[in-house]
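For the protein sequence lines, the chains are A, B and C, in the order given. The letter at position 86 of the first sequence is residue 85 when you use numbering that gives the first Met the number 0, and the numbering goes up by one with no holes. The letter at position 79 of the second sequence is residue 78 when you use numbering that gives the first Met the number 0, and the numbering goes up by one with no holes. The letter at position 5 of the third sequence is residue 4 when you use numbering that gives the first Met the number 0, and the numbering goes up by one with no holes.
Think of the hints as simulated: they come from the structure by calculation, not from any bench. Among the hints, a few may not be true.
Which copy is meant is left open, so a pair is good if it fits within one copy or across any two.
Distance condition first, Cα-Cα at most 30 Å in a straight line; then the derived DSSO-like pairs of lysine-lysine [to be verified]:
id	residue 1	residue 2
1	K33	K107
2	K107	K22
3	K14	K68
4	K31	K14
5	K107	K31
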Amino acid sequence: MRVSHEQLEVRTNGKGTYEITDKVQEKVDNSKMKNGVVTVFVQHTSCSLTTMENAAPAARRDVERFLEKLVPENADYEHDDEGPDDMPSHIRMVLTRTSETIPIVDGKMQIGTWQGIFLFEHRRAQHRRRVHITIMGE
Amino acid sequence: MRVSHEQLEVRTNGKGTYEITDKVQEKVDNSKMKNGVVTVFVQHTSCSLTTMENAAPAARRDVERFLEKLVPENADYEHDDEGPDDMPSHIRMVLTRTSETIPIVDGKMQIGTWQGIFLFEHRRAQHRRRVHITIMGE
Amino acid sequence: MRVSHEQLEVRTNGKGTYEITDKVQEKVDNSKMKNGVVTVFVQHTSCSLTTMENAAPAARRDVERFLEKLVPENADYEHDDEGPDDMPSHIRMVLTRTSETIPIVDGKMQIGTWQGIFLFEHRRAQHRRRVHITIMGE
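With the rest of the complex left out, here is chain A (with noise of 0.2 Å):
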């Protein structure tokens, strides 16, 4: 058994979701790793790490509807000095998630048909997203 660290830079044009599945997965072939766990591990606040439905674009677009009405740009927050979309950000990291484990057989992450892996940026700016990948195994 063995741990391999891996960095992976998303780069972000606004709100949205960017997919990461393969660029995930070929962190995992580079590490020659054949059975064990990838924990994918986002270093921000104001953006989330999850998986999500990838087959479907207005899926993913109704989740980001969702969450802009669920927590709106214009409450009244008491942490407003980086902006409207500052404080939400932070929020919509709490409600959804920062890391996912991912279980990998015979060299591939085991996930479902329709998942796949997810920067959920929820700044307007472009921001480039420090992502850790840690493989744990054999």
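Put chains B and C on the given structure of chain A with help from the hints.
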């Protein structure tokens, strides 16, 4: 240290919470692993996998009713070709969880007295849900 | 590769966020593990364990106020025998998280600059919360 993979099929019969704590512990028992962690990962995007209060069914019914109201079936979703319960199921999955990682000591999962592991079904129809269980340790 | 288990008791004094980042890092230090992951798991269903913005207390107060409004105490819950703050606490736990798994490199948790690990207490009364910490690696 080693890795052990197991599969669990959970048959669901409509929306609701289905406890799988004992079945997961059984898989840990089978693995003979005494010390490590178990990752329980559901391979779908229209149901969730999460810990919950396991003693009071009324508490879980309240959770279900809350999510039914928070993410209603009859909102104006763009993605609606698989029925009114489809899009809410994807949103509920994003708002809850897809996996839990639980410590194992002396062969037993270290969950709290009132914690159980639940498959949280968000669809109305019957489904066979695949849960992947990865045990890592010694 | 090996596994190291640690326990942390967090005394809470009413609803709010309690940072435990340094205490978790201390446990990682004690384990002498340089390379792997740490899983921080709270053994309760009426509080949460989650990463959050750690620099601005106002941002955390906004998160707390948002959840107070989203999951109010005085809704018509079926499960209400343990007081008005009991059922909302279970719902908030389901909407947030029970554990985080964080990479370790060179003995240090690889969290982002603004990320902290928090025990998020949802009950009014004082509690002693048990957090199980599992470090796996080498």
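message: For K31 and K14, with the copy left unspecified, which applies at a CA distance of at most 30 Å: within, between, both, or neither?
response: Intra 34 Å, inter 40 Å, cutoff 30 Å: neither.
field: Same-copy or cross-copy closeness of K33 to K107 [CA-CA at most 30 Å]
entry: both (7 Å within a copy, 26 Å between copies)
- request: Please work out whether the CA atoms of K14 and K68 approach to 30 Å or closer within one copy, between two copies, in both situations, or in neither?
  value: For K14 and K68, the Cα distance is within 30 Å both inside one copy (14 Å) and across copies (24 Å).
message: Please sort K107 with K22 into within, between, both or neither, judging by C-alpha distance up to 30 Å.
response: both (12 Å within a copy, 25 Å between copies)
- prompt: Is it within, between, both, or neither for K107 and K31, if the alpha carbons may be no more than 30 Å apart?
  reply: both (10 Å within a copy, 25 Å between copies)
Going through the hint list in order, the structure does not satisfy hint 4, though it satisfies all others.
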